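**Q** Each chain, written out:
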Amino acid sequence: MSQPVSAISIQGLTKDFSVTLRGVKLRAVDALNLEVAEGQVYGLLGPNGSGKSTTIKIILGLLDATVGDVRVFGVPAHRVEARRNVGYLPEAPYFYRYLSGRELVKFYARVCGVSGTTLKARVDEVIDWVGLSGAADRRVGTYSKGMLQRIGLAQALVHDPKLIVLDEPTAGVDPVGSAEMCELIRKLKQQGKTVLITSHLLAQIEDVCDRVAILDRGKLIVEGSVLELVGQRDRQALIVDPLSEVDLVALRAWLEARGHHLNAVEQPRARLDQLFLSKVSRPGRPGGASAGVGSNEVPLDAKP
Amino acid sequence: MSVASVPFSFSRLSLIAGNTFLEAVRQKLFNFLLLLAVGLVASAQFFREFNFGSSELKFIADFGFGALIFFGSALTIATTAQLFFSEIENRTALTLLAKPLWRAEFVFGKFLGVFAVIGVFCALTIGLMMALLWHREGQLMEMRPEDFANGRLIAYGDLLVVGVLQWLKFGVLTAIVLLIASFSNTNLFTVVTGFFVLVICHLQYLARDAWGNVDNPLVGLVVRALGFIFPNFQLFNLADQVGQGAGVSPVVALQVAGYAVAYIAVIGGLAVYSFRNREI
Ligand SMILES: Nc1ncnc2c1ncn2[C@@H]1O[C@H](COP(=O)(O)OP(=O)(O)OP(=O)(O)O)[C@@H](O)[C@H]1O
Ligand SMILES: [Mg+2]
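Chains A and B, in that order, are what the protein sequence lines are.
So in our numbering, spot 41 of the first sequence is number 41, and the numbers just go up one at a time.
In short: position in the second sequence from 1, add 1000, done, that's our numbering.
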């Protein structure tokens, strides 16, 4: 093909649910057009019930489109082949609680056709990558919310897919964990993966995404690159040591003489999450790579 | 860009079957099965005082099969519905079906997993029953050797054949419950409808006997159509012949087994068709 295929291509997608017995329809997605190019981190935003998860489920062939054409790497989404190159982390994920984390990832790996000698290595690799090595042999039923999200990410990555779809991967995860989740997403981007992500934590979306789309009641209302949308090209911020009143007046005059205007003088504040990240310590986990995972586990044989 | 197609895979199917079986094991369903089987067979011991000689053995066999049929049916319906809906209600089906996996592999994987669980129950019950019979028969042989002039009376091979046929019948029932579950929204609806169909399958021969020869061709047609749609579970009750001279004819046993396999294939196929259109 001459033209590069989009990782995800959605054209004229509409999805109706019948929500009452009399067949009253609810339009969850309304005439949506969306292109996600390969290699991008793409954020899907919108208030509760705006149709983000519904769109994602259609991309994965879990729901059928009422109208419209949805393709994943050029393959219609409802076909089994389309899911070959896709990893998916559902919102509020829940897994077979009777399996251990390692067994769970191994099961999904084998379903995806990873086998033989690569199987064990790959399973260990992704578990390590999401920082769950310490808890891999515990039953999934005993995992905390943050650990469920991590094991969910591990199962989504285990077959090395080209597209990774994450539905609210940071819901219920502490700030340290969600900062790490963003770090992992950046690494995925460096590996050339395409990532589609939904989240209500807009600050993080802004940090990690190349492009975003905002949905409202199933309709696309804003779409574009993050820089385009929120960058203010006609403004600049200077951060300086505290200035005395006299200096400030002088500075204002100096600027005015050159045709500039001092718009605002503010006390910059650290963001609360930055404060949190710098204060919270995770004992025994240098580098924070495995924060949030069994950090207060006591080895049973280490009696005092 | 062309993506290689994903062929139907028996290894994926058996992975799902294995995981379903493992769920039953780890959720402690088997402890319950074992208790149930032991309880059932042991309760046959209470009727020991009958001491009717060889008819006591017949009683144990009848009791054992009665218990197998009754509890096996209940267990099949409940287990199938539970193992299917645990996947839907816990939304694990979402993650699983987002993998390159055919819905047919999912449905038949679930089928095989449940079928294996029921197989363990059948094997436990039949095995314990045979052990009890063997033991009791040995005692009776010492007490009244004149009744056992020609060696043992019980045809243990036949017991095994009938046991396997019952297992296949539970397989048909599993497929029926999966078909109901494939479009039903709740576990409860599935279980209740499953029991309803079970009763029809057991009693449909009555309708055929009563109305099959009625002059009205329409009624006759409807009754015969029903007899065709619902498998006749009465066919599997070969237990009456066990230990009574004639024994179980291998040809009949094979025919009944073929009947079960055909129904499993067709009903399973319908379940796949219906599940393919289900929104997860
Ligand atoms: N299976 C379903 N049957 C009926 N209505 C549904 C179904 N799934 C979703 N909806 C409706 O479709 C709309 C969109 O839901 P969706 O889950 O896609 O929202 P969302 O953007 O993911 O919201 P959130 O941020 O809360 O996760 C909602 O009004 C929801 O009630
Ligand atoms: Mg959602």
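What the hints contain is simulated information worked out from the structure, not anything from laboratory work.
As the structure is a computational prediction, the values presented were derived from the model and not from experiment.
Just so it is clear, CB atoms sit at the ideal spot from N, CA and C, and this is done for glycine as well.
Hints may contain errors.
Derived CB-CB ranges, DEER-like [stated by the list, open to error]:
| hint | chain 1 | residue 1 | chain 2 | residue 2 | range |
| --- | --- | --- | --- | --- | --- |
| 1 | B | L1235 | A | E81 | 22 to 28 Å |
| 2 | A | E125 | B | S1014 | 53 to 59 Å |
| 3 | B | N1216 | A | R22 | 36 to 42 Å |
| 4 | B | G1247 | A | R139 | 48 to 54 Å |
| 5 | A | D124 | B | L1235 | 49 to 55 Å |
**Q** Does each hint fit the structure? Answer for all of them.
**A** Status of each hint after checking the structure:
no., hint, in the structure
1, B:L1235 <-> A:E81: 22 to 28 Å, "violated, 43 Å"
2, A:E125 <-> B:S1014: 53 to 59 Å, "violated, 25 Å"
3, B:N1216 <-> A:R22: 36 to 42 Å, "holds, 39 Å"
4, B:G1247 <-> A:R139: 48 to 54 Å, "holds, 50 Å"
5, A:D124 <-> B:L1235: 49 to 55 Å, "holds, 52 Å"
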